[in-house]
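Join these two chains into a complex; the hints should help.
Protein chains in written order, with our numbering: chain A, 1 to 234; chain B, 1001 to 1414.
No lab work stands behind these hints: they were computed from the structure.
The beta-carbon is built from N, C-alpha and C at its ideal position, and this holds for glycine as well.
Some hints here could point you the wrong way.
Said to hold, decoys possible - Label pairs and their in silico Cβ distance ranges:
(1) D233/A <-> G1396/B: 36 to 46 angstroms
(2) A174/A <-> L1161/B: 57 to 67 angstroms
(3) D1265/B <-> Q122/A: 26 to 36 angstroms
(4) N100/A <-> G1112/B: 22 to 32 angstroms
(5) N79/A <-> G1396/B: 48 to 58 angstroms
What the hints assert, rightly or not - Cross-link-like lysine to aspartate or glutamate pairs, in silico, DMTMM-like; alpha carbons within 25 angstroms at most:
(6) K185/A <-> E1246/B
(7) K185/A <-> D53/A
(8) K185/A <-> E80/A
(9) K1058/B <-> D1041/B
(10) K1058/B <-> E1308/B
(11) K185/A <-> E1249/B
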Amino acid sequence: MTLRLNLFGSLLFTFSSLCLAGAAPDTRAVSELGSPRTVIFELRAGNGERLPDAAVVVTGEHTEPHPSTQGTAIMSQVNERFEPDFVVVEAGASVAFPNNDRVMHHVYSFSQARQFEIPLYQDEQPSPIRFDRSGVVIVGCNIHDQMIGTIVVTDTPYFAMTDERGRAAVPVPAGATTVDLWYRKGERYVRTERAIPSKALASTRGRRVTFTIDDATSSASTTADSALEWNEDY
Amino acid sequence: MERRLLATACIALVVALLGSAETQAELQVNASLEVAAIETDAAAGFPDGSLSKLRYGKADNRMQLLGGYLQLQSDYRSTLNTKLAVNVNPQSDDPIGIIDAFVQFRPLPWAGLRMRGKVGAFRPPLSFEHGADGWETLYTTNASAINSWVGEELGMLGLELSLKRDLASTGGRRYWSLGGAVFYGNDTAGTLLSWRGWSINNWQTNWGGTIDLPPLRFINNNDGQSQRVEPFLEMDDRPGFYGFVELGEARRWRVRMLTYDNQADPTVIEDGQYGWRANFLSVSAQWQLARRTGLIAQWMDGVSAMGELRPTGRRAVDIGYQSSFIMLTQSFAAHRLSLRYETFDVTDRDDYMNDDNNESGSGWTLSYQYRLNDHWRIGAEWLAVASDRPNRNQFGQAAQQDEHMGMLVIRWTY
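This is chain B alone, in the form it adopts within the complex (with noise of 0.2 angstroms):
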C-alpha cells in the first residue's frame, strides 16, 4: 500500500515541481557524487553478509563510487516548499532510489511563532551530522553509528506539525521547538540492529529498497524470515509516532530529544518481513566552542522484538540497543578537521541462545576535508573500529575483531 502511496505522491510531486517553472516558484536542482579510494583490512563489508562493522571489506580496496543524489525543490514564496530527491546507493539491491519526497508549508511567523507541517516521504529529524541536501553527512564522509543506522532503517511516510519560538519577530535569543509526527512504514526497525548490528557508514537505504541480513542460521532456519530486510514496509496499518522537544540559541548551541515508536505489531509477518515493535529516545545536541571550534554529540537507547510473546515473557528476537558519540570539527578556511569517538551496543533480551545477538564496540572517526571551490571538495577519512560479536563464530570468525578503513574521497557537489 505504502508503495502506492508514494508513487502517487511523487508523481503528484514532479507534476508540481515541473509545473513550478509556469508559476512563481522557484524551482532549484541539487546533486552531488562522491567518490572515494578505499584500503580496508575489514574481511568483507555488511553488503556481503557479514558481521562487519564496516561497509567494504578487502576485496572492495580500490576506487568506489560512494553514492550521490539529484534533488529538485520548488519554492512559492517560500511557504510551499516542495522536494523530492533521488539518492544512488551502488551497493544496493535497488541503486536508485527515492530518499525524500515531501510538501512542506511553512508560513510567515505568526504570534512570534514558526508553524510548520509536511506530508510525504522523510525521515525523523534525529541527525546534527547531515545537512539538508539529500541528508548528506556534513563533517565525515561516514556517519556515526547511530545516523548510520537512521539512514539504513529510518523513514517513513507520514504527517510532521511542529512549532517554534522565532527569533527574529520576538526579538529573544533562546528558542524551543515541539514537534512531532504520524507516520506509516517503518515496522520492521531493528532488524538490522538485532541480526547485523550497529555499523558505521554512509548508507542510504532508498524506499522500497532492502538491506541483506547476514547468513545466520538462526534467518536460514526461520522459514518465515527474508534473507534481507525492507525497513519502510507498513504492515498492520498502525501508525507509528515520534515527538520531539528541541531548545537553543541561534548559532550558539542547540539541544534536541527525539521520542519514537514505531507501534508496530510484532505477531505480523509478511512475505518473509516481521513486525517489530521499535521505540527508542535520542538525545542530540550541538555546541558553537568558539567561531571555528564546534561540538556535537548524541546518544540513543531503545528496544525493539518480533514473534510472539513466549512464557518467559520475552518475544523471538528482544534486543535492547544504546549507542553515543561525541565529535569535535575545526575549521579554518577552507579546511576542516573532525574527530569522533562513539561506542554501540546491543543487548539481546530474549531466551533464544542459539541466535546470540549481543554486541558491544566503540569506533574512532578522524577526517580532514578541503572544500577548493563552491563544487569541490577533497579530503581523507579513518576509522578504527573494535567490536565484540559471540555471533561471529557460526562464520567461523573471532567474536572480536579490529576493523580499520582509510578513504581518499573526492566530492563534486551542484
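If we strip away everything but chain A, and leave its shape as in the complex, we get (with noise of 0.2 angstroms):
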C-alpha cells in the first residue's frame, strides 16, 4: 500500500507501509506498556537515491522518561575533512576529535549552542568535548577552512542516523507526531519537518515510512578520490 501526498511546497512527501509479516516485530505489547515503538524511516534523494549518513531526530513534546543514550562521539579528521562531518549527540554527551592526519588541524566553533578551540597536535589525544546545550554547532579548522563539520545536540534520546540503504530505526514515544530530518544538502547539512503519518503511529505491524527529499545530495563527497584539492595558498 503506498500513498503519495504533495506537501510543503516542491517537497515531495511519501509515506510507504510494508506489510512484510515476518519481519514485523510483535509490538503490541510493548505500546500497551506505552514504552516508545520502534519505526524504521527510509530517506530517499528526490532522484530515488538512498540518503546514508542522514539523520531522523523525534521533535515535539513527550513527557516520557527516556533512557540516556549519553556517551562519547567521534568526529575525527581525515584527509583534511571531518569524518564523520556530521554527528547527532543528545544534550550531556561529548565528542571526541582525534586527529588522523600527518598535518595539525585546530577545530574550533563559534555558535550558540556551544564554542570551543582546541589545537590537535598530531599523536595527541585531546579531552572529549562536552555538548549540554541543544542546537546546531557548526566546526571548522583554522588552518583547513574548506574543512566543515555539523553537530546536532538534541533534547531527546529518540533520533538514529541513517544506515548505508538509507534506513533508521528510531523509537518514537507516544504522543510524538513529527520529526527532523538532518540531510546532506552539497557540502552543508539542512534540516526538515515532517509529519510521522498516523497510520505509521497506529499500525501494529511493520512499520516503515520512506520520506523523499528533493533538494538533497544522495552521495556524500567527504571521499579521499574527490576531483579537485583545495589548499589555502595565503
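So, in C-alpha cells, the structure goes:
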C-alpha cells in the first residue's frame, strides 16, 4: 500500500507502509506498556537514491522518561576533512576529535550552542568536548578553511542516523507526531520537519516510513578521491 | 640587499623552527623527490639556450631527476605558522635553494572573518594547479604555461594580508576574500617571457637563482645585459604590490582575480640586470563538476617593458603577454586522469625590428597518475606544443615548431 501526498511546496512526501509479516515484530505488547515504538524511516533523494549518513530526530513534546544515550561520539580528521562531518548527540554527551592526519588541525566553533577551540597536534588525544545545550554546532578548522562539520545536539534520545540503505530505526514515544530530518544539501547539512503518518503510529505491524527529500544530495563528497584540492595559499 | 634580508630571515626561521621542539609547537617535515624517464623530439630544452617551449631536449632522453623539496613547518596552536622550503632543481646553476621562507599569523576567526598576515619570501597566490607543500603540481607533472612562469620568474620578499569570510562561524555557504601584498624583489619580471617566451614545465627558481637566457644577437650586442636573468632582484627600492579578490563555495567552486605590479623602474640597470616594469591581471577558477570530476581554468594578460622611453613612446623592449588554459581532471580511487589545453602569446610592442619577441602557440597535456600508497605515486604524461616564434630564425631554425614530450614519472613524498 502506497500513499503519495504533496506537502511543503516542492518537497515530495511519500509514505509507505510495508506489510512484511515475517519482519514485523509483535509490538502491541510494547506499545500498550507505553514504551516508544520503533519506526523504520527510509530517506531518499529526489532521484530515488538512498540517503545514508542522514538523521531522523523525533520532535515535539513527549513526557515519557527516556533512557540516557549519553556517551562519546567521534568526529575525526582524515585527509583534511571531518570524518564523519555530521554527528548527532543528545545534550550532555561528548564528541571526541581525534586527528588521524599527518598535519595539525585546530578545531573551533563559534556557534551559540557551544563555543570551543582545540589545537590538535599529531598523535595527541585531547579530552572530548561536552555539549550541554541543544542546538546546531558548526565546527571548522583554523588551518583548513574548507573543513566544515555539523554537530546537532538534541534534547531527546529519540533519534538515529540512517545506514547505508538510508534507513534509521527510531524509537517514537507516545504523543510524538513529527520528526526533523537532517540531510546533506551540497556540502552542508540542513533540516526539514515532517509529520509522521498517523498510520505508521497506529499500525501494530511492521512500520516503515519513506520520506523523499527533493533537494538532498545523495552521494557524500567526503571521499579521498574527490577531484580537486582546495589548499589555502594565502 | 634582499639576499642579506633573506639570509637573516632564514637564520631566524631555522632558529624558530628548531626552537619549536622546545615549545608547544608542532614541527612537521615534508619531503619529495620526482624522477622521470623522458622521451622528447625537441632539439634542445630551454636551459640549453634554445627557444624551445620545453625544459628537456633530445640530449636529455633518459632518466632525469625532475626535482624535489624538503620543507620544515612549525605550528604553534595553528595561529603562528613558520615555513621553510628548500627546493632541488638539478638543471639550475643554483640547484639547491629556498623557495618559501615565511612566518604566517593566522588568528582564530573574529567577527566571522579570518585574518591572515604573512611576512617573508613567498610567491603570489596565482595557481590552483599547485599544492601548499613545496609548491608542487597536483594534477600534472608539468604546470600550465602561466604557472610555469610563476614558478620561474615570480617570487618576492614581502608582507601579505588578507581577510576572508569564515564559513564555519557564519554558517554561510559562500565566502569572499580580499587580500594583497607589498613586496621587494621581482624587479626583472618579464625578462624571460620577452626573450625566451612562454614554456610548459615544472621549473622552480630558487631564491637568488638565475635562469639562462637564449644567446640572442640582441642580448649579445647589448653590453649591459647579462646572459642570464635573476628574477628576484630588487633594484630601485620601490616596493611592488599585488591585490586579489576571491569568491567561492566550500569544495564546490572558487574564482580568484589577482592584479600585480612590480613598480620597477625600467631605466635601472645593475650587474647586467635591467629593471622591467611588469604588471598583469590573472583570473583563476576551479569548479567541482561532480565528486570525481573537476575543472580548472586560468587566464592572464599583462605587459612588461625595460629601457629608456624612445621617441616612439615605447621602451627598448616592450611586450604584451597573454595565456589561458582549461583543464579537466577525473579521479577514480587511486587513479587520476587530467587533460589540459592552453594557448599563449607574446606581442612585441617595441620598435626594435632586430629583436622580434613575438610568439604564439598552444599546447595539450595529458596526464595519468596512480597513487600506490601514501608515499609513492607513478604516472605518465604526454605534452604536445605547437608554437611560432620568428626569432628562432637567428639560430637557423624554423619559426614554427611542433614539440612533443613523454614522461614516465615516479614520485616519492614524505
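Okay, the hints, checked on the actual structure:
The given range of 36 to 46 angstroms is respected by D233/A and G1396/B, whose C-beta atoms sit roughly 43 angstroms from each other. For A174/A paired with L1161/B, a C-beta distance near 59 angstroms keeps the hint of 57 to 67 angstroms intact. Between D1265/B and Q122/A, the C-beta spacing of about 48 angstroms breaks the proposed range 26 to 36 angstroms. Checking the proposed 22 to 32 angstroms range against N100/A and G1112/B shows it holds: the Cβ atoms sit about 29 angstroms from each other.
The hinted window of 48 to 58 angstroms between N79/A and G1396/B holds, with their beta carbons roughly 53 angstroms apart. Between K185/A and E1246/B, the direct Cα distance comes to roughly 23 angstroms. Compliance with the 25 angstroms bound is thereby established for this hinted pair. Annotation: proposed proximity of K185/A to D53/A holds, straight-line Cα distance about 12 angstroms (limit 25 angstroms). Between the alpha carbons of K185/A and E80/A the distance comes to roughly 20 angstroms, so the proposed pair stays at or under 25 angstroms and holds.
Between K1058/B and D1041/B, the direct Cα distance comes to roughly 6 angstroms. Compliance with the 25 angstroms bound is thereby established for this hinted pair. A threshold of 25 angstroms between alpha carbons decides the hint, and for K1058/B with E1308/B the separation of about 40 angstroms lies outside it, so the pair is violated. A hinted pair counts as satisfied when its Cα atoms are at most 25 angstroms apart, and K185/A with E1249/B qualifies at roughly 13 angstroms.
Going through the hint list in order, the structure does not satisfy hints 3 and 10.
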